[in-house]
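Chains D and G, in that order, give the protein sequences. Each residue of the first sequence is one higher than the one before, counting from 1 in the working numbering. Each residue of the second sequence is one higher than the one before, counting from 1 in the working numbering.
The reader is advised that the hints may include incorrect statements.
[As the list claims (entries may be wrong)] Far from chain G, some chain D residues (derived; all Cβ distances over 12 Å):
| hint | residue |
| --- | --- |
| 1 | K36 |
| 2 | N37 |
| 3 | H59 |
| 4 | I72 |
| 5 | I73 |
| 6 | T74 |
| 7 | S76 |
| 8 | D80 |
| 9 | V96 |
| 10 | G105 |
[Unchecked claim] One-sided excerpt, in silico: chain D residues whose CB lies under 10 Å from chain G:
| hint | residue |
| --- | --- |
| 11 | D27 |
| 12 | W47 |
| 13 | H49 |
| 14 | I92 |
| 15 | G95 |
The set of hints was computed from the structure by calculation and includes no laboratory data. Built from N, CA and C at the ideal position, the CB exists for glycine as well.
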Amino acid sequence: MRRRLLILFAALLAVSAVPPAAAEYADVVINRAAEKNGMRPVVFPHWFHRIRFACRVCHTELAINPRAASNIITMSDIIDGKFCGACHNNDIAWGVDRCDICHSGKRGLPSGIVGGHETSGPGRW
Amino acid sequence: MRESTYRADHSRCFLPATDAPWWALVAVFLLFPALTATAGEWTPIAKDDVHDPRSPAVKLLQEPAEALAPLAPDFVGTGNQVRWVEAYDKGQIKPRQSLDPSRPIRKRDTDVIMNVKGGMPAVRFPHRQHTELIDCSTCHAKVFKEVAGATGISMLLILEGEQCGICHGAVSFPLTECTRCHSIARPGEGKPKIPEGFDPMLHQRKRQER
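Looking at chain D on its own, in the form it has when it is part of the complex (with noise of 0.2 Å):
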């Protein structure tokens, strides 16, 4: 009896480890600043960027460090050409104008990785 009822809470905990809804594996919230000066978080999909951009474009030569949240990055940096300002200065990618596109997360979400094994599985899975 002990052990069908270990077995039945291993089996809730897994349950209740899924995430109820799924943002895209990979996508990172950027909250660092945005919310403090009134704006949504940002929204990154690791997975679109990807398609179009090696990662040693971003994780070298843009010096982004891959731990989520561990990075400084201001709108003035991107104003001058650094970070996501590399490509979003109307040339490559849409510019700084287009503020909504990228601050478009829902309000009080933590910066950091989401959408992963990292967060519903066992551990950080």
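Given chain D's structure and the hints, the job is docking chain G onto it.
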């Protein structure tokens, strides 16, 4: 040289061995909506729980289904349900390698074989698949020393999001795919397999004990 195509045996990976089948039915019943929710489809941006459905971006941004459906498929619920390296090798995606054309693109084609204790299949780390997309400096020497065998690699650290886990489990194929890394069959085995009675929750317990 191809990525291993073997899939981790999930039933053995996550569910405790038992002779009582009723609970499995209960679990399958309870998990069914979650398992089928993404079957061959991707969550629309308006419903993905990170975008604000009232944001004007929802109508402008490309939907994942449109971009990802044509690419080499991965298993339902695994990552973006895309085999990114396969999509790259097949030319389905042609990502730009640099913004500055004078920038050198460094590639390497050597494998590192990491034997592991405990009867798990050995790990083959292929430099080629990694350096097609990533620069050496992302891993070397901050994360891994450049001498094979010089860095103590630990599944516990990987599960904590360190070492391989910086990417695998966050953006690259997830840690549920044991045999994609543990891909070298033990002598006498046709394909790599998780040893009989292997309990992946081992990692969890050790982590809690620390």
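So, going through the hints one by one against the coordinates:
Every CB of chain G lies more than 12 Å from the CB of K36 (chain D), the least distance being 17 Å, so the non-interface label holds. Separation of N37 (chain D) from chain G is adequate, the least Cβ-Cβ distance of about 16 Å exceeding the 12 Å criterion. Under the 12 Å C-beta cut-off, the non-interface status given to H59 (chain D) relative to chain G is violated; the minimum distance is some 6 Å. Against the 12 Å criterion, I72 (chain D) stays outside the reach of chain G, whose nearest CB is about 19 Å from its own CB.
Separation of I73 (chain D) from chain G is adequate, the least Cβ-Cβ distance of about 17 Å exceeding the 12 Å criterion. The Cβ of T74 (chain D) lies farther than 12 Å from every Cβ of chain G, with a closest approach of about 20 Å, so its non-interface assignment holds. Chain G leaves S76 (chain D) outside its interface by the beta-carbon criterion, the shortest separation being 20 Å against a cut-off of 12 Å. Every Cβ of chain G is farther than 12 Å from the Cβ of D80 (chain D); the closest lies at roughly 15 Å, confirming the non-interface assignment.
With a minimum CB-CB distance of about 14 Å to chain G, V96 (chain D) clears the 12 Å threshold, and the non-interface call stands. Not every CB of chain G is more than 12 Å from the CB of G105 (chain D) (nearest about 6 Å), against its label as outside the interface. Using the Cβ-Cβ criterion of 10 Å, the hint placing D27 (chain D) at the interface with chain G is satisfied: the shortest such distance is roughly 6 Å. A hinted interface residue such as W47 (chain D) counts as satisfied when its beta carbon comes closer than 10 Å to some beta carbon of chain G; here the least separation is about 5 Å, so the hint holds.
The beta carbon of H49 (chain D) comes within 9 Å of a beta carbon in chain G, closer than 10 Å, and the hint placing it at the interface holds. At a threshold of 10 Å, the smallest CB-CB gap from I92 (chain D) to chain G is about 8 Å, leaving the interface hint in force. Interface restraint check: G95 (chain D) against chain G, minimum CB-CB distance 14 Å, threshold 10 Å, status violated.
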